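Protein chains in written order, with our numbering: chain A, 560 to 915; chain B, 56 to 417; chain C, 2 to 236; chain D, 49 to 312.
Hint data in this document are derived by calculation from the structure and do not stem from the laboratory.
Be aware that one or more of the hints could be misleading.
[Claimed, not checked] Chain D is faced by these chain C residues, among others (derived, beta-carbon under 8 Å):
1. S44
2. G108
3. A123
4. I127
5. K129
6. I217
7. D219
The structure displayed is predicted, hence computed values, not measured ones.
Where is the CB? At the ideal position from N, CA and C, for every residue including glycine.
Spelled out from the first residue to the last, the chains are:
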Amino acid sequence: MSGAISVTKRKEFWSNDLLEGDEYESDLGSDEEHDVEMSGAHDSNSGVDHQDGSIVTPGELITDDPIWMKGHGTYFLENKTYSSVVGTVSRVNRLLSVLPLKSRYIPETGDHIVGRITDVGNRRWKVDIGAKQYAVLMLGSVNLPGGVLRRKSETDELQMRNFLKEGDLLNAEVQSLFQDGSASLHTRSLKYGKLRNGTFVKVPSSLIVRSKNHTHNLPGNITVILGVNGFIWIRKSSKMDLSNSTTATGSGQSDHLPGSKNAMSVSITRLEEESSWEIYSDKNDTVTVSVRQTITRYANVIKALAHCELGITEPRIISAYEASMAYGNVGQLIESETMESLGQDVLNSEKMRGAA
Amino acid sequence: MNTNTALQQDRHLSLETRPCSRGFEEFRDVLINDGNISRYSAKCQNANTNNVIGSSIVRSGKTFVITSITGGIVEETLSANNEDDVGEEELITLSEGSNRLAKNASVHPVVEIQRGRVGGPTDEEMITSERLHKTLLHSGILKKTALRVLCGVRRTDENGKTTKIYSDEILEEERKISESNNRRWSYVLYAKIQVFSRNGPIFDLCWNSLISALKSVQLPRAFLDERAADLKIAVRTRGRSMTIRETYDILCDPEKSLPLQLNQHELGYGSNYGIIDIDPLAQLAKEENEMDVDKPTSVLLADIETEAEESSIYSKLSLITNKDGQFKSATIIGGGSKITPEMIKRCISLSKERSKDIESKI
Amino acid sequence: MSVQDRRRILGPAEAKPLRFAVDSETSIPEEGRTDDKKTGKESVFISTDLVTNANGSSYLEYMDGNSDQVLVMSSVFGPRPLRGSFQSKASVSIQFKEVTLEHFNTGEIKEICTFLTNVFNAVINIEKYPKSGIDIFIDLIQHSNSNPAEEENIIKILPTCINSITMALVDAGIEIIDLVSAGSVDNSVVAFIRNGHEIVGIWSDDDKVSDISRLIEDCRVKYLQNKQTLVQYLR
Amino acid sequence: MGLSITEKSFLFDSLTLDPPLRTDGRGSHQFRPIEVSTDFLPNSNGSSHVILSGGSECIVSVKTKVVDHTVESELLVTDVDIQGHRDDSPLVTSMSSLISKLLKQTIDQKKLMLTKRYSFKLYIDVLVLASKSYPVSMISFAIFSALKNTWLPKLISSDDDLEVEELPTFHDYDMVKLDADAPLLFTFAIVGDSVLVDPSFEESLVSNNGLLITWYKDRATSPIRSVGLNNDNVKGFSQHHLEEAIKLIHKYAPDVERALVSSD
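For reference, chain A alone in the conformation it holds in the complex (with noise of 0.2 Å):
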């Protein structure tokens, strides 16, 4: 790719050669399921039951059956269940539901998400986290400085805006769901707080794969926080971060970082202290230039699998970044081109590895 600007040509939609029948050239991208067969849609009322995990689209029956209950994404009309988006079946205990391929975030208890504030209002502030409403976190589920415990006052309330502010980013746990769905949020341990040392990347909430710990200890020094909503940080791996990467991370985690073996015996209490004014400072620590680099690339290689509508989970993270390591200059990954063979790669070393 010589030169400064990498031009693709779309071909024209209406060139009179698209008459003959030639490969339509679908965004879809990927060829196999080019000839999608049509079989089931036209009979839709033919009272054929879809069976779990098949995709359906809006309008077709799933079932005429009245036993079940209505989940989302599903619409009754005398006493048949039709689908009202585009997804895959899931029948749970008697309750019918079509989860959507593409669509905004849907908040559930325990989600470890990653938002960010839009407003401070009475004792509370509004965290924009991509769903359908705003989320809330109130002032009584959020650390203060001077320890877990210390009781709530009015001066709290007037410096709220100390604490957290428009545009800040945090990232939380969903604690409870209002009667409207939207979320109410908590960053009550040491985990959560105000995101520092790093950058941000969004991608389709559908493509993070739901797991136990959304936050992973990168190679090159590097932690990255999985937001089930899609909401992604990456950022340089900070003492805490470390201190808790006893968990079994990644195999590649131990060896690329021979000089922080003792700051894994750092005490839980010293950590106590830190949530002083610190965990609310707007100051970045001071990053190297190749640790920086190192993020950059990770952003890279992410937006690449996000591209290739691949789930995004930590051992695919890690083969794309190696994988990545071929294209020297870390501006080359942003092309089209490069992301796809980016993808494939990811693929193939998986169906290699055999790793599911």
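Following the hints, position chains B, C and D against chain A.
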């Protein structure tokens, strides 16, 4: 109007002073000049790109008003066959005779007050523009005949040298050429009035500024190209033959212009007054014996200024008189304290001096 | 102002504004007029605090060598509270209005408003005024360029507008990091602060870009002169 | 949806490194990949559709009309419309006035001359569907590629029709390509000491100032404007930034022009 401005106002009055530290019947000093804005002003450099034909800057106290007058030309629609129908002509002149107003013309003012806000015109701006338009129309200062365009003809002979002939400046036999075309035009005057540091009622200030701008207006001579004067071309368009009149815009002569004729004796200048009672309780005990305490004494104030006065005075007079005291327009609003005939007489004599003073300054 | 705009008195719809014929021989002969004034010294008249209902205002008359004349008045309203969501820094807005004759189309006017807003965003200390707006109004009273051939162009009045806004801000007591002024050379304007070491705005419409440094140097000279006059007035 | 203080300061430190490290690792001269498809609107003489990888998108349509240029002197009408912004908002009005003034200067009317009396009048309509960063570069690229692909009907009647009155008649289907070289507008972001081309949304939020330089006839020419890419951390810049930007443009603009031209 919160109470303390009224109290503060009364306290001031009882000491024979006003918040703006002027005497009861003392006017703000006024300065008027043409601001060198119009193309006909003395030191104007950009004559050929400047289409302002009259201007004035009036400064009274801290408030100042900039007025610029621009012009337009509109073709009057004459009844189609009026050349030979004398009866028709007579009917028009007869009806105009009785209807005095039809003979008057007016200016189309746009008043804008600088108030640090962007947006549509406020009520005050609309009311003032409307009032200026109507008062000028009814005052008869500007007659329709003064706005008639005496259209000249531009003859371009072979070597392109153009000479302009105006019907009133030329010999008899040439006159019939320009009379032949039966099209008539008249000027239209637009006024743009900008008020800065508004600090009280602004109507009379805008009126004085408008009048002084009108006095400085020069109407440029207008002419048509000769071949357009009587040219009709037949054009065959899809079978129907149609005569289209060559549309030549009427152009203005950058050199020659005529001053706008105003009826001098109709000219009047504006001033405003307010009447307010001094509440006896607020009276300081300076001379309590000779003043019958319970009867509120009312005071006449000239040239209302400052927010305190404007909000606490309800009885207002706004007069436009000429220097020998003839009324042009008078608005008297008796909202609060009683307006006695003596006060009105006093206002008239005051406004007579005021218009003499303003007239001398233009 | 659309015809059915009932809020303004617009006069007859079919009236056409006056158009002055520009036939060559009647216009003023070219050389005769301008050169005798060429040597005229630049003169600037400044006065501040004329608009009482504004926080700060300034009036500037600028006459350059060949009797080009710009009369501009600017008034500053603010810092005043802004409704809506919280802003940690003030938001500056600039409006431009031609008080008497109207030369420039709204596009050009909006362009210089955005340009000036960018210049003064760099100069006003906006961190000091959270949740507030600073609104600046420029009223162009008179503007004439002597040689009729060159059509009206908005760049001529930019330096004077910048100077008058700086004076209005000073008069309003709003904190600015330096006195902004600008120099203009035929169709380019460069606004400087810090004695010419820092550029806060450049607007160039003529294509002698090959020697950009010479262009900036000429404008810097003019800038220093203008700044000198401002400082003299203030002291 | 701005950035938080921590993101901004992290990004600012990265961008002021030498060489600057941009959000997606690009070089300071490197553009984001763009997709250009041209001639896709059947009923306009020329059209182009530009999609930036950052999500910004713009459509330009060029239509033409035969007019008598003795009566109408305006042969070029441009209109810019940005989705999500009011037509009278400062951004839209100043952008459309800048672009129409620029096109009037650079496209010479003689190329539009048809006969002694008639010539083509071009209507250029720009519709910005989504604009994350400052849209003026994308608009000028789209106009450039649209004008490079504009086809005008071929004249078959005689071309000096001053004496004899004759309306121009055209060939039934042959078309002539309009040969007009349109300018390219480049946006630069100034962050600390570095000058970055084609700034992304995040980089614009962090930049101290912005520069707009035109590239026309293989030369960086006027108009040159300093333009604010954000409102809250604008600072002055020095002469060397300007020279650096002009050096960048002289070095890389030909590549961009070639890439755009070869794309049709």
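Here is what the structure says about each hint:
no. : hint : verdict
1   : S44  : 29 Å, violated
2   : G108 : 2 Å, holds
3   : A123 : 4 Å, holds
4   : I127 : 7 Å, holds
5   : K129 : 13 Å, violated
6   : I217 : 5 Å, holds
7   : D219 : 13 Å, violated
In this structure, the hints that do not hold are numbers 1, 5 and 7, in rising order.
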